[in-house]
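Trainee: Using the sequences plus the hints, can you model the full thing?
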Amino acid sequence: YYASEVSVEVSTDAVQIFGGYGYTKDFPVEKFYRDSKLCTIGEGTSEIQKIVIAREVLKK
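Those letters in the sequence shown? Residues 951 to 1010, by the working numbering.
Heads up, a few of these hints could be off.
The following label-pair restraints were derived from C-beta to C-beta distances [to be verified]:
(1) Arg1005 with Gly969: 36 to 44 Å
(2) Val1002 with Phe968: 29 to 37 Å
(3) Lys1010 with Gln966: 35 to 43 Å
(4) Ser996 with Gln966: 18 to 26 Å
(5) Val960 with Lys1010: 28 to 36 Å
(6) Gln966 with Ile991: 16 to 24 Å
Here are the computed lysine-lysine pairs in the BS3-like style, where the Cα-Cα straight-line distance is at most 30 Å [stated by the list, open to error]:
(7) Lys987 with Lys975
(8) Lys1000 with Lys1010
(9) Lys981 with Lys1000
(10) Lys987 with Lys1000
What the hints contain is simulated information worked out from the structure, not anything from laboratory work.
Each residue gets a CB set at the ideal place from its N, CA and C atoms; glycine is no exception.
Mentor: Written as structure tokens, this is what we have:
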């Protein structure tokens, strides 16, 4: 959960730094942004991950 959230945050910042070039395929930033967003979806949405973590914490 944490790693995917941080990767989205970092790649979003990188796209902002690159400006319009951050959305073109000329730079790898665009791919990093797409991949990081996919990771958050692939692991389950952030909300689902938070629920799973909370359940595990409350069990103990």
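Trainee: If a hint holds in the structure, say so; if it does not, say that too.
Mentor: Hints and how they fare:
1. In this structure the supplied range 36 to 44 Å holds for Arg1005 paired with Gly969, their Cβ-Cβ distance being about 42 Å.
2. The hinted range of 29 to 37 Å is satisfied by Val1002 and Phe968, whose Cβ atoms lie roughly 34 Å apart.
3. Range check, Lys1010 to Gln966: about 39 Å between beta-carbon atoms, so the 35 to 43 Å window is met.
4. One distance hint, 18 to 26 Å for the beta-carbon pair Ser996 and Gln966, holds here, with the actual separation near 20 Å.
5. For the hinted restraint 28 to 36 Å between Val960 and Lys1010, the CB-CB distance of approximately 31 Å keeps it satisfied.
6. Distance hint check for Gln966 and Ile991: the Cβ-Cβ separation is about 21 Å, which falls inside the suggested range of 16 to 24 Å.
7. Between Lys987 and Lys975, the direct Cα distance comes to roughly 16 Å. Compliance with the 30 Å bound is thereby established for this hinted pair.
8. For the hint linking Lys1000 to Lys1010, the alpha-carbon distance of about 16 Å falls within 30 Å, and the restraint holds.
9. Of the supplied pair hints, the one linking Lys981 and Lys1000 holds, its CA atoms being roughly 26 Å apart against a limit of 30 Å.
10. The straight-line distance between the Cα atoms of Lys987 and Lys1000 is roughly 17 Å, inside the 30 Å bound, and the hint therefore holds.
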